[in-house]
Amino acid sequence: MSAHTVPHEVGGFRVVPVKFSEKSSAGHMLYYKEHSVKESEDTKPTDRTLFVVNVPPYCNEECLQRLFGGCGGVESVILQAKAGKELDAMLEEIYPIRKTRGFKIAYIVFKDDSSVVRAMKQKYKEPFILSPEGDSGGLVTGYRKWCSEYEARWEDPKQLQKKADDFMIEFDKRKHEEKEQAKVEEGVPDDDGWVTVTRKSTKPVVARSERKQKRLQAKEKKKREEKELMNFYTFQSRESKREHIAELRMKFEEDKQRITQMRAARKFKPY
Amino acid sequence: MDDEVGEGVEESSVANFGKRPPGIKNRLPSKKQKLNKAELYKPPTMTELASLKETEMLYNSSLFKLQMDELRMEVELKEKKKKGLLPILQSLEEILRKLPPMTIPDASELEGSLPKNVCLPMRWKKTQLKGEIKLRKPLEVKIIGSYLLGTCLNDPLTIDMAVQIPTECFQPKDYLNFRYHHKRALYCMYLVKHLKKKKDLVKSVSYGSLQGDHMTPVILLKLVGKNATVRLIPCLPETGFKEARFAPSKNNIRQQWYNQNSEEETFPPTPHYNFSILRDMSLERHLHHLYNASYDFPAFKDAVLLLKVWLHQRELDQICGGCNGFLISMVVAHLLDNGQVNKVMSGQQVVKNVLHFIVTTDWASKGVTMCKSSNSQTLPGLEEFHQHFPVVFVDPSGYLNLCADMTGTTYEHLKHEAKLGLDFLDDKRIDGFHCLFMTPVLFTRKFDHLFTITKLKQLRPSVKKFDLETQLMDRGGNYPRVVLPRVEEILRQALGDRIKLLASGLFHSAEWPVNSPSPKIEEQGPLTFGLLLNGGLASSVLDKGPAANTTEAKAFSEFWGKKSELRRFQDGSICEAVVWPGTSVAEKRLVCSHIVRHILHLHAGIKPESIAYTGGQLDPILQQPLLHPSSPGGDEEPAPRTGEEELLQISVAYTKLSRHLRELKDLPLMISSVQGTSPAIRHTEVYPPCAGWPSDRLRTAGPSVPVKIPSNDKQCPTWIPALRVVCHLESSGKWPDDLEAIHHIKTAFHLKMADMLHKQCKLVTVATASHILAIVDGFVFQVSVAHRREIVLLKEVITKEGLSMLRDNERSKVLERETGHLPHLTSLLHGVHQHHGAFGPTVRLAKRWVASHLLADHMTSECIELLVAYLFLHPEPFTSPVSPQTGILHFLNLLCQHDWESTPLFINFNNDLTASDYDEIRQQFTNNRSHLPVMFLATPTDRQTSLWTQDKPTPMVIKDYIFQRLIELARESFTVLQQQLSGPISAEVDFKQIFRPPLDPYDVVIHLRAKLLPRRHQAVDADPTTESLLTLKPTLDAKHLPVVDFDPVQCYLVELREAFEDLALFFHDTYGGDIITVVWKRPAFKPQPFKPLQAQARIPSTSSSKVPLVIPNIEGIIQDFQTMGRGLVTSIEVRTENWNI
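In order, the protein sequence lines correspond to chains H and E.
Position 104 of the first sequence, counted from 1, bears residue number 104 in the UniProt record's numbering, the numbering being contiguous throughout.
Position 1075 of the second sequence, counted from 1, bears residue number 1075 in the UniProt record's numbering, the numbering being contiguous throughout.
There's no promise every hint is true.
Rough simulated footprint, nothing fancy, chain E against chain H, three-plus residues with beta-carbon under 8 Å [to be verified]:
id : region
1  : 9-20
2  : 149-156
3  : 180-191
4  : 210-223
5  : 230-239
Derived from the structure by calculation, the hints contain no laboratory data.
Keep in mind the model is a prediction, meaning the values are calculated, not measured.
Just so it is clear, CB atoms sit at the ideal spot from N, CA and C, and this is done for glycine as well.
Full structure from sequences and hints, please.
If you want it as structure tokens, here you go:
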């Protein structure tokens, strides 16, 4: 891909070609524009943030900082797998399922909002080199990367223990406070005069869950069925006979259809 | 069976994958036409009511009846075809009736008087024929047999025509000394001479034999323009000779003449000789008998057709002395005479009664006779028949044994199949129809072990050894058939309890051209034996005989020859015993082959090397070069092991670990259950790890973490998998209701347990937040604590109303699968392995096959295990395989034959599902078909979700793509393997063929550096000698945890899949594959409008359109393959040039 065929803009996004290293024969194109959303987050102020898509898997925060550093001072670089707010960061850490090793999205937060304007005017002729040679900041990929990932799996047991202990102390404290708080609020009517009933109240309630509701419904249904008499009146027994024949007919008809299908699939050729 | 299986498919035809194979299309149920209400509830007519009631009572479902009708329509001869054949058959008859006479001037000088290009269909050294022989036009030409009865199969269509040789051709006493047979052969030659010229009617003329009997040749005519064969059977009129002459104990061959010596004449009985003449005299009478039976009996035709299909699928009609359509028709006629069947019965009932009759009677000891004549003085008694024939079923005349050629073994085989057939019909959960009639039960698929005696000639000397000279005369020199019963007897005695069934098959020699001499005796079809092994006993290495110095002991040692030796047993007794080689499990499985080779060599003089034994041909696939020999110091080459010993060691280590865990002192909560989840623990790991590992010079992670770290990029550490174990703790109210807190408590448990295991049990352990790694007996285990409440908390969703609901999500599913379903499945599958020793090896072969075709990442391991479990729990119409080789054959067949689109596969563990459960699941399945996975597996604990096939195999972008490929590969591998197993087994046959993947469908091939492949020694064609790594000595007393679960290729694949998931599919052989192959997802390559969130790896298209379009950046992606796999990738081969598809 020669540089001059690269358009500078696609669908409102600026285009910047990047390459992994000097030796790479081909690279990718990053697309970016001003970050604009209805509900902005504190970490990504809309006026001085760039929204970058198609960030290759091996590209890290440092690369992006270098790439956009030319437009002004960068305050922070946020890499995400998906656009928008990162949800369930805690869950993701404990039960990782999200894919984070593919192409990513980046938010570049500049120190100054003029940098965004400058970035939007920038034209790139030559592909930007993500991992320049001889530089200590070269990106590690492939076998070496996996080796270091393997190493990172192991943590000193003492530190691990400390982390767990610290959390639990904090957690117990929080729980205790909540409990105390609940005790204080127990039986106290709110502004509208309503008293919240909890499990710990003097008159405890059953926790509301779907399973319990279903069980209750099934119980009632069973009760109702038990009361009903079967084949008591003549019309009932006649009805049930009629139903039986209808059922047989239906089955027969279904079977016939299945056979037709099987025949169509040449299922009856024994050898 | 599908058409495609029959074709010789080349490996290369896999190339067109992506296309649907014919027949899979249009299988989706057409829109249901429901009966409307008025029709459904209209008053029933009497006939309708009766038929509905009948189907309900007689058949399990109306489906069965309908299926049978369909099958009958498929196999029976169509009226239309019959009409087309009529004029041809008439003109053929006409020709035969007007044959010009022919005279052979002197029988003693035949050579000169034979026509050119027509040979005699029989070989004889000497004959009593002398002087002039007149050959005249036939007395009578009649169509007989199934064609006339309407019970003949459409394909292959054979029409029997009896040609009666006129009496002028005979002289009195021609029944003696093969004179009749020789004249019959001359008559065949006479018929052929004239028919050969009729090119307008007859496409080709050849000779064949009547049920493989070389004494009674027949003529086979292929008709012009019709797919039909006319079989001309020269025969005698009913009154040709006196029947009483051919009673089984009468002699009709003079020994003096036969042996050309002047010994005293002894007149030994010649039952088979008599039978061959008597059969020629009875053709017409039998036809009449059957015709009377079938008259006004519509089910006769149905039943015989079905039974013929049943026999054909079992190859019972194709072996000499088997059970052909004629015999089974006679059985039906007999049952009708007997009143066990009546004329108002339905076809299915008749079939069932016939099967029942075969099962409950014993023709080998209490023969059956159809003869009703009370004239017991002249008729031979049943005892007389039993003296001369192993199986007795006498025809209505009272002289002819219809089972004269049947051996005891074949009869047992027939009975065995009938027994199975009855069971299938009775079990409502099995598709009895499919089992009985639609599945071929060939020798190669039915039996665990097969062996073929390749050089029949070496059976000749054993005739003398067994003292069967007179029988040889009786059979006209056909020594294989004379010796066969004795060989069977010896085999049965030698194998004893080891086998459930012995079957033998001397397949009919096919037809031969009229201008070549008839095949020699030794050129008969291969003599094949099938063994159905008895799971537990077959692999015992010891045959214990009687106590020493008794008469029985003498007989025993005589029977076993030098192999028998005196041994002292643990209980102090000294007995004769035979010990067979069996140091490894795989070798033990082949004990029967040693027995067969030894005993046949000893008693029948058959050279061991001429027995082609099929049993352990696929074992090399499971062997991996030993990392270290288990017997140190021994110079002896250790027997090749198939990993089964390692799996046992793992079981022992696992038990030890769980005992340690349970016995931990001072743990805040007791451990309530320890459950393994790794395949190795349920004996289904393809290549289980060996105890210990080679020493290396890798550095460790740190002083407090005794873990080795891979760092040297010259060579990757050996592959050592961690075996997973899940622990549940006793329930306690103290667990918090918070996921993060639970996580930290679990971490604390892991740390504590690791510490205790190290201190109390002296194990090397390392704890991480999510698990403990522990070394037990040289195996690495990964233990993690699970808490059931976690799953609930993950699932819990609270609605606005404050109602708590449980909804599955990705995280909860993963956790539930790992800690709930998988341990349960492991125990179930482990149970299957305990019952069926071949289960583990079969799964391992199956997994190896899937991986070889680079599909292992696209199918869960559990899915393969369940499929194999199905083969063992529901083997119908076979029996549970005892040899892994048969197992893998069934596995491949299951993949390509099962109708995945419209039927769920039931794996009924412990028979927990009832017939009504089956119906319910089926119903649900049909209703929700479009939302369910391509392969739907139902088990008692997983009825509606098919847990193990939910995500795979089903790629999202191209639906069914991988699945279709799997099916196609299975179909081809099945064809190849079946051919290899049924053909002559020799060293040249390459059984690894089906384990080599065809590479032509792939767009890109990424080649990997061998040194960085930790499992390279597991590759199908790995060369053990060049591996320097394998020569290293193991270190069992490790102080450090080795590098576990580290496979760079897997790391690479994860990254590739995450980055290019929507553009390409990646394939790799998990077990040492040195390539990764890539297929572009075609739909993703169409230029698409630019969307910022879907712009991954895409570049603006050069095409000029108003909306900016983007296409995948192929060059960039290929470069990424290189960049992301730095160190591992050696080269990238781009195979398709055209990107824009």
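Here is how each hint holds up against the structure:
1. As drawn, the region 9-20 of chain H meets chain E at 5 residues by the rule of a beta-carbon pair under 8 Å; at three or more, the given contact holds.
2. A count of 7 residues in the region 149-156 of chain H with a Cβ less than 8 Å from any Cβ of chain E is obtained; the coverage claim is therefore met, three being the minimum.
3. With 0 residues carrying a beta carbon less than 8 Å from a beta carbon of chain E, the region 180-191 of chain H misses the three-residue requirement, and the given coverage is violated.
4. With a threshold of 8 Å between beta carbons, the proposed coverage of the region 210-223 of chain H by chain E holds, since 3 of its residues qualify and at least three are required.
5. Beta-carbon proximity to chain E at under 8 Å applies to 0 residues in the region 230-239 of chain H; the threshold of 3 is not reached and the given coverage is violated.
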